[in-house]
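Same order as they appear, the protein sequences are chains A and B. For the first sequence, our numbering assigns the number -17 to the initial residue and increments by one for each residue that follows. For the second sequence, our numbering assigns the number 127 to the initial residue and increments by one for each residue that follows.
These are computed hints drawn from the structure, not numbers from a lab. Just so you know, not all the hints are guaranteed correct.
Claimed, not checked - Straight-line Cα separation of at most 16 Å, EDC-like style, residue types lysine to aspartate or glutamate; simulated pairs:
#, chain 1, residue 1, chain 2, residue 2
1, A, K22, B, E245
2, A, K16, A, E(-7)
3, A, K16, B, E209
4, A, K6, B, E210
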Amino acid sequence: MSKNTITIQAEDGLHVRPASEFVKIAKGFESDIKVSVDGKSASGKSLFKLQLLELVKGADVVIEATGSDEQEAVEALSAFLVSLK
Amino acid sequence: MLSGISVSPGMALARAFVLSSESVKFDRSPVATEFIESEIDKFKNAVAGSVIQLTLIETHVREKIGTDKAAIFEAHLMLVEDEELSEAVIEVIQTQRLPAPAAVEQVIDEHVSAMEELEDEYLRARAVDMRDLGQRLVLNCLGIVPQSLETFDNEVIVVADELTPSQTAVLDSSKVTGIITERGSRTSHTAIIAASMEIPAIVGVEGVTAVIKNGDMVALDAEHNLIIVNPSPSQSDNIEYSREQYMSELRQLEKLRDLPAQTGDGVRIKLVANIGSPTESGPALSKGAEGVGLYRVEFLFMETTEQPNEEMQYQAFKSVVDDMKGMPVVIRILDVGGDKDLPYLALPKEDNPFLGCRGIRLCFERPSLLLCQLRALLRAGVHGDVRILVPMISSVDEVRRFKEFLAEAQSSLEHDGIAHAKKLPLGVMIETPAAVFLASHLIHETDFFSIGTNDLTQYTLAVDRQNERIADLFEQLSPAVLLGIKHTVDAAREEGKPVCVCGQMAGDVHSALLLVGMGVEELSMSPVHIPRVKNAIRQHSRTRLREIAGEVLGLATAAEVKMKLNKYWG
């Protein structure tokens, strides 16, 4: 399992467009991806479930991936979150 | 002829596109076990159908309107294909034997409720998208293709019960030339969007969806609040002519947007906006507003079923302050009572509500209501130029008492270690004759005045605004009102403190010029009036306006005042 924590810096949090982008990237990987905030977690490949997380500015987001490409998945998703302004 | 509340000016003449408002009815009772599979198939087909519709809409919106708006539909597409959503619906069909549309409805309702519990206002607002999408899936389950507002071949006037945010987000403004809705108010979503897209609109037209049929020719005149169904050839010609006139006036006014509202002899007048919700900041800025002169918080308190908490208020205030980027934002303390009720406050019935417990009187009666607002205001003050405005002041004691509350809110934030502004400018509304008489004392205790001409007229003339039998006595240009305004303006200017006029008078060209002549240097109005008022100000010198105001203030009746103003300014 590969894991990383990122603090969201984007002013508007993970709003519609970046959230869809995040899911798109996650779906590109074979690994199972879990996203957690404040003890609540959801599949990183489901926008439906991610909508229920408090993905706002300042939130600490834990990204966990399990599978053949777990390391690349965590790296790519972390880089995406960090790039959001 | 029909009329309602004109919320976005302009004219249109086109065929009606009537959005059916009846909610679809379907059976929610469980199905026999052998039909479970076919219900699951219905759901899968509904998903497939929705994907096709959304793909078409998304492409159209991206090409015709822009990638920004298309993002909403990209998200809808991703959601409709979401496996977690499908699994949830299929599970409900299997375990509860619900028919497909009922299962979709249940899953979406639960999801929307969960989203509405999120703390972040923006994330919470996305529940609207989920509801839209749910509606699309339900219709598709029933074999109905949802009506779409993105693709029109010809110009139309959209007639609907009320438009959803996603419907208005994709309105093609090159084809939709007018909007008429049955529900809605000056501050409703449709009103705000229509004004910002500059689509002429009249809302709150009772029975309109029953009167206008799909394909009817409709003449919409939002300048005069008039709707004519199947107009005669001469009525059509008239509308066409006025529309051309109006469009050319708009093009002229558009050029003024970034120019200052300055009189011919160089006096700078500040034009600011009256708003009722954070979504109105954008339209205000696009009309050239130099800040918010009156943020009415009542709307924020009315759209919820319980009192909005400190965080919700803070977020709403902050959002406006952020949008205004350092320009002033005057936020008025909750002004309910009188004609405005809030069910959750359980206000007792009064015989004379306008002379009763309204505005600041009510806030004093409910200290926690006031303290919560003050904490939110002080916190928002960290992010920009926030100013506090107190409504319904009729004595100096009230101002002093208010300051005690403000100090208490400050020390409680201090105690909690929460970031907040140390001092915010404090102003009072001048809307009672008592406040006019006390103006020189009041200005001594405060930083600015804001004259609310609607209530000042009502209280000065002792004319109930709601009473139709005496509607003709409600006269803002009555010399009694004008002298009250003049007295107030002079008192503020003597102390070198600013005075703003909000209310209907500020947005009316003749009255606005008169106010400038009386020494007012700040006018707050509905954003849509800003360009016209600015244009008028730029064409006059203050010296001349002052002379005219001097003449007007010597007149004895409202009729004489109007005649004089018409003589000078036509």
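Structure-based check of each hint:
{"no.": "1", "hint": "A:K22 with B:E245", "verdict": "14 Å, holds"}
{"no.": "2", "hint": "A:K16 with A:E(-7)", "verdict": "23 Å, violated"}
{"no.": "3", "hint": "A:K16 with B:E209", "verdict": "15 Å, holds"}
{"no.": "4", "hint": "A:K6 with B:E210", "verdict": "15 Å, holds"}
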